Amino acid sequence: MSESEEITQGSIIFDDTLDITMAASYFERFSQLLNEQKTITLNGENIERVDGAGLQLLAALFKSAEFLQINVTWQGCSDTLKRSAELSGLTGRLAID
Amino acid sequence: MSIDLSQFKQTFLEESNEGLDVLESGLLALDSGTADDEVIHAVFRAAHSIKGGAGTFSLTEIAGFTHIMETLLDEMRDGRREISKEAINVLLTSVDVLRELMAAARDEVSPEMARVNEVQAQLETVLNSTSADTVLTQDDPDNSAAAEQSAGWLIKFHPHEHMLRTGNDTVRMFKELASLGDLENSADLSALPEFEHMDPELSYLSWTIELKNNEQQGAIDKASIEEIFEWVEDDCDLTIEPLILSSASDESAPQNDVPPAEQSAVAAQETVENVTPIAAKADAKPALKASAKKKKITESGSIRVGTDKIDSLINMVGELVITQSMLSQMGDDFSMDKIEALREGLAQLERNTRELQESVMRIRMLPISFSFQRFPRLVHDLSQKMNKKIELKMLGEQTELDKTVMEKIGDPLVHLVRNSLDHGIEDPETRVAAGKNEVGTITLNAYHQGGFIMIEISDDGAGLPKDKLLRKAIEKGLVSEQENLPDEKIYDLIFHPGFSTADQVSDISGRGVGMDVVRKNIKELGGNVDVTTEEGRGTTFTIRLPLTLAILDGQLVKVGNETYIIPLVSIIESLEIETDNINTIAGTTEVYKMRDEYIPLVRLYDVFDVVPGTTRLQDCLLVVVEGDGGKAGILVDDLLSQQQVVIKSLETNYKRIQGISGATILGDGTVALILDMSGLLTLAKEIEPAQSYA
Chain A
1 MSESEEITQG SIIFDDTLDI TMAASYFERF SQLLNEQKTI TLNGENIERV DGAGLQLLAA
61 LFKSAEFLQI NVTWQGCSDT LKRSAELSGL TGRLAID
Chain B
1 MSIDLSQFKQ TFLEESNEGL DVLESGLLAL DSGTADDEVI HAVFRAAHSI KGGAGTFSLT
61 EIAGFTHIME TLLDEMRDGR REISKEAINV LLTSVDVLRE LMAAARDEVS PEMARVNEVQ
121 AQLETVLNST SADTVLTQDD PDNSAAAEQS AGWLIKFHPH EHMLRTGNDT VRMFKELASL
181 GDLENSADLS ALPEFEHMDP ELSYLSWTIE LKNNEQQGAI DKASIEEIFE WVEDDCDLTI
241 EPLILSSASD ESAPQNDVPP AEQSAVAAQE TVENVTPIAA KADAKPALKA SAKKKKITES
301 GSIRVGTDKI DSLINMVGEL VITQSMLSQM GDDFSMDKIE ALREGLAQLE RNTRELQESV
361 MRIRMLPISF SFQRFPRLVH DLSQKMNKKI ELKMLGEQTE LDKTVMEKIG DPLVHLVRNS
421 LDHGIEDPET RVAAGKNEVG TITLNAYHQG GFIMIEISDD GAGLPKDKLL RKAIEKGLVS
481 EQENLPDEKI YDLIFHPGFS TADQVSDISG RGVGMDVVRK NIKELGGNVD VTTEEGRGTT
541 FTIRLPLTLA ILDGQLVKVG NETYIIPLVS IIESLEIETD NINTIAGTTE VYKMRDEYIP
601 LVRLYDVFDV VPGTTRLQDC LLVVVEGDGG KAGILVDDLL SQQQVVIKSL ETNYKRIQGI
661 SGATILGDGT VALILDMSGL LTLAKEIEPA QSYA
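Chains as they are written, first to last, in the numbering used here: chain A, 1 to 97; chain B, 1 to 694.
In case anyone wonders, no lab produced these hints; they're calculated from the structure. Some hints here could point you the wrong way.
[Unchecked claim] Computed far set for chain B versus chain A, every beta-carbon distance over 10 angstroms: (1) GLU38; (2) ASP169; (3) PHE174; (4) ASN185; (5) ALA187; (6) GLN217; (7) GLU426; (8) SER574; (9) SER641; (10) LEU666.
[What the hints assert, rightly or not] Below are the DSS-like pairs computed for lysine-lysine, each with C-alpha atoms no more than 30 angstroms apart in a straight line: (11) LYS520(B) / LYS393(B); (12) LYS9(B) / LYS82(A); (13) LYS156(B) / LYS82(A); (14) LYS222(B) / LYS403(B); (15) LYS82(A) / LYS38(A); (16) LYS489(B) / LYS685(B); (17) LYS222(B) / LYS156(B); (18) LYS520(B) / LYS648(B); (19) LYS523(B) / LYS476(B); (20) LYS468(B) / LYS520(B); (21) LYS63(A) / LYS648(B); (22) LYS82(A) / LYS222(B).
[Claimed, not checked] If you anchor each label on the Cβ, the simulated ranges turn out as follows: (23) GLN32(A) / GLU215(B): 44 to 54 angstroms; (24) LYS648(B) / GLU48(A): 23 to 33 angstroms; (25) ASP237(B) / LYS38(A): 34 to 44 angstroms; (26) THR93(B) / GLY10(A): 56 to 66 angstroms; (27) ASP79(A) / ASN128(B): 29 to 39 angstroms; (28) THR166(B) / SER31(A): 20 to 30 angstroms; (29) GLU45(A) / SER325(B): 54 to 64 angstroms; (30) SER186(B) / THR39(A): 22 to 32 angstroms; (31) THR21(A) / GLU651(B): 40 to 50 angstroms.
Predicted model, so just to flag it, every value in this text is computed and none were measured. Virtual Cβ for every residue (Gly too), placed ideally from N, Cα, C.
For reference, chain A alone in the conformation it holds in the complex (with noise of 0.2 angstroms):
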């Protein structure tokens, strides 16, 4: 993970890449957050690959938020994060709009 991606009580700052290579690093982080029970801020402004897995993930987190009644909301969204969820049919599971 790279120096760039900093980590707030409650947010996560996306790096450039959201995809198969970084999903296993992000599952742990967002595990500890849906643990900590708090609202999640995720900025995904950085974001310029993102592939299925990466979305999946996304959608995992959101589903699992909505079901622990955590609030999860987007600071920012790049134009390739929207389209890739468009694409795939989840921009309304991600609240991206």
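Given the structure of chain A, go ahead and fit chain B onto it with the hints provided.
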């Protein structure tokens, strides 16, 4: 850690070049009417792969341009469009544009968008022409008939758990789907386990996708969809059915309806992205060509090597290690009674080294088809332009030669083939009048002979006009009227620089344009080119080239304390000097009478200013060499061994020296200079201006 895609970009570009070759050769086969169904499928697949790869690497110009080509090819493939000459010609031009776009991507410069847009417009004109959709497919009524009647396709896609781990990406697949039409996608998350129990690299989602026809792209072909899922067909459950909308009368007319406003914004956006980026970019960058700062063009830096060659190399290295180990062990405990074993070991080492060297050299060997493959297109284009009917035959395409030689022989070959097209093959009327088939034939043939590769360029055209050539040579003072030149010397005149100017060529209406440059370039590669011809029957150019430029067969000669290497290919013979045969012309120039001709003598020690072992001619040996179109005798103290030497560039390591083509390191560690015969003889002439060469 994320994957740096740029490391694969070069591979993509190289593979795409191969795809372009497939495209071009397939289109040429379609044009000549010799293609079967598989050819059009192969052409379509090549375009499709290039588009997909370009999209992955964000090469939007290439992806967008190829998309239009693909659409046209798709219609041809399905039988919805006739394979017309006009369409093939535009597609062939498009291949050229794609090559330019690839080159720009490789060099990281902006492409020339004006030409791209011009050809794109031509493609769109063909695409929008009325012939489309008038020829209905005969072979798969389920497919396009269904597509014509339905609003598109309903796709149910359920990846198996492991699919993502195979490197396949759903986002990429959806992007490709969206490039075919208007896409609406609905994801099913019901199979997602609880977060803590999920494996983030497994796939749990499934999708129901409506892929609708739109006005711009027309009916979507089922095969195009299947092709997108081709790589995952064993890794997913997939159904593709015609999409019948409930209000079909309102929405389903696929060809002419304006896309409904409520259709997916995603699909609309994707359509725009895939179809129109070129025009958009062109607007944004009106003066791309002028502003482009062209980076240094990089030669293709990689080579594909067959695994058999790698295996052979590994075997050789294994043998070498064993021999080295044996010798090392012997050295640790050496005694004179082991001298025979040492000799055997050294002989084994020499064998291993030579075999290893040969294996390494084989790695650089490529089939000459890499060079030949440009000619079908060249012949196609030029024969159309000149209204000639020409068939191109290529033989020995698998004959291998060194990559560097291949790269350098390309231009001379093009020149010779163009000459055959232009001046050799007659127009159909002339051929018929001469009792020939109206279709002329140009044959390219490659084969190995000795340590050389031979390339023949033959035509069954008019042949060289001997009388005109001779007359021209006499006019120019190259030949005297009294001189009785044998035929081969007369034909050889076409390689004389005096015959290379345009006015002279038009006068003699024969070959000659730049032939001197062709021969010069081939000689620089250590080869030669000859011509044989028969008036009215045709002409054959025969090129002889060394298989590699890295290794040379040389004769080691001694002059004083220096060792020089004369390329064996330049040596005619070596002899002891008989002083009676030596004459002096004009008091300074020494010549040697060898049978019926006089050859000038070159004293190497004078040329290179070294102290000789002897200056007495009767104590020297004479090496008769050929270079720069003439013979000369090189005086040396002694002939040493003949051996293969690895050429080291003098320019790279020191500087260019006239008369020296390179250097090598001998077995005893000393450096020996390799003589360049043409340069040496020129240098000798400068030292002895009165000297003339036989």
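Which numbered hints fail: Of the numbered hints given earlier, those the structure breaks are 2, 3, 4, 5, 14, 21 and 24, listed in rising order.
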